[in-house]
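K.L.:
Using the sequences provided together with the hints, build the complete structure.
Residue numbers (the working numbering), protein chains in the order written: chain A, 1 to 113; chain B, 1 to 290.
Please keep in mind that the hints were generated in silico from the structure rather than gathered at the bench. For glycine and all other residues, C-beta sits at the position ideal for the given N, C-alpha and C. There's no promise every hint is true.
What the hints assert, rightly or not - Rough simulated footprint, nothing fancy, chain A against chain B, three-plus residues with beta-carbon under 8 Å:
{"id": "1", "stretch": "58-66"}
{"id": "2", "stretch": "148-162"}
{"id": "3", "stretch": "209-222"}
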Amino acid sequence: MHEMSLAENVLQMIEEAALTQDFSRVHTVWLEIGQLACVETQSLRFYFDVVAQDSIARNAKLEIIDKPGQGWCNVCRRPTRISSRHDACEKCGNYGLQIMDGDSMRITELEVE
Amino acid sequence: MCTTCGCSTHKARIFGVPDTSHRRTETRLNYRPIPSQPVQEPEAITLPATHAPDMNAKRILRIERDILTLNDAQARQNRDIFSKQRILVLNLLSSPGSGKTTLLVKTIEMLRNELSIAVIEGDQQTDRDAARIRATGVPVIQINTGKGCHLDAHMVNRAIEQLPLQDGGLLFIENVGNLVCPASFDLGETHKVVLLSVTEGEDKPLKYPDMFHVADLLLLNKCDLLPYVDFNTNQAAQYAHRIHPGLPVISLSATLGDGMATWLHWIETSLQAAAVESVPDTSNTVLQLG
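P.N.:
Now the structure itself:
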């Protein structure tokens with residue numbers, strides 16, 4: 001539900017980068033969104049198109065790279081793959097895993113002109 | 001604009017006054033159409049290294065920043081302000097109707113003679129909650145997010161500019177009733193406190209894991225209704241601990257007062273910790289990209 005705010009934040013960072021990096025058009029935006037990051041990527045795409053109208057990122061392509069979730073099991077002392085925060089360890093079924101990866105949402109690269 | 005939840009922007013109001021100071025750069029860049037490219041003569045030979053000053057080449061810029069960088073930077077500034085004044089800031093989060101405002105009113109009534117308390121109220125519309133808080137005699141600022149589904153760090157910063165905060169005091173931020181979106185936005189608070197009322201179902205932590213993951217305390221409210229509803233407090237705590245091992249849980253009834261002493265003791269302990277840990281935040285707050 002907060003994807004519109006996220007899209008606005010992305011656009012604001014692009015506009016600030018444009019001021020310092022001297023570009024006037026954005027062709028592609030690469031985002032890295034973790035599986036655990038509480039972001040609906042379809043919704044983010046929709047809102048990005050909405051907020052980017054009348055900006056230097058109009059018609060920019062949004063490339064979203066999914067980042068899989070990874071937790072650490074304190075019982076097995078090994079990493080385990082997870083797709084939600086309440087998943088158990090794949091090996092021993094222990095809950096309460098420590099999140100190691102897949103909860104971030106980042107803007108990684110821009111293709112600009 | 002959003003047909004799913006009504007999220008919108010540029011609609012936040014603080015006591016009815018539009019807050020347009022945040023989000024988006026002040027110097028908004030407008031879309032500049034690309035000039036039409038010069039037509040190449042078919043017979044012209046173009047060398048790979050030909051200098052063409054009129055044409056901007058496409059290039060890749062590495063950014064590598066968190067999408068919420070700007071919010072998080074503002075949150076750090078807020079935290080620095082609170083820390084310097086040794087203010088304990090509690091961000092109250094829950095679904096609509098789980099009793100945040102009632103809990104606040106009761107807590108304020110029990111603590112107002114001992115502590116300086118202030119409140120920031122977040123709601124999409126109306127200042128009804130602010131009126132309930134104002135009746136207790138403590139200063140309150142109402143933020144109306146319009147159709148926005150959460151408070152952000154910039155809104156809180158604008159609110160504290162207008163709020164008399166006393167050193168060593170307590171600031172409550174009652175977030176917009178929503179178990180999803182507010183979890184992602186750091187406001188600069190000391191602790192996030194999530195409320196779950198026993199009328200909502202014990203599986204809420206599994207359904208909305210992010211909120212319970214970021215919380216520092218879980219309050220199970222409306223426990224006076226336990227005889228009438230199918231809610232197992234142990235099961236609720238167990239589900240919460242799947243998401244957040246070791247999350248402290250307090251069962252209480254804000255209406256009748258059961259469990260309030262434990263909640264007040266938690267606040268007291270947190271106040272002491274906030275007084276000790278009041279060191280300036282030295283983390284990097286530079287916003288420049290690239």
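K.L.:
Against each hint, give a clear statement of whether it holds in the structure.
P.N.:
Status of the hints after comparison with the structure:
1. 58-66: holds (count 9)
2. 148-162: holds (count 4)
3. 209-222: Holds, because 3 residues of the stretch 209-222 of chain B bring their Cβ atoms closer than 8 Å to Cβ atoms of chain A.
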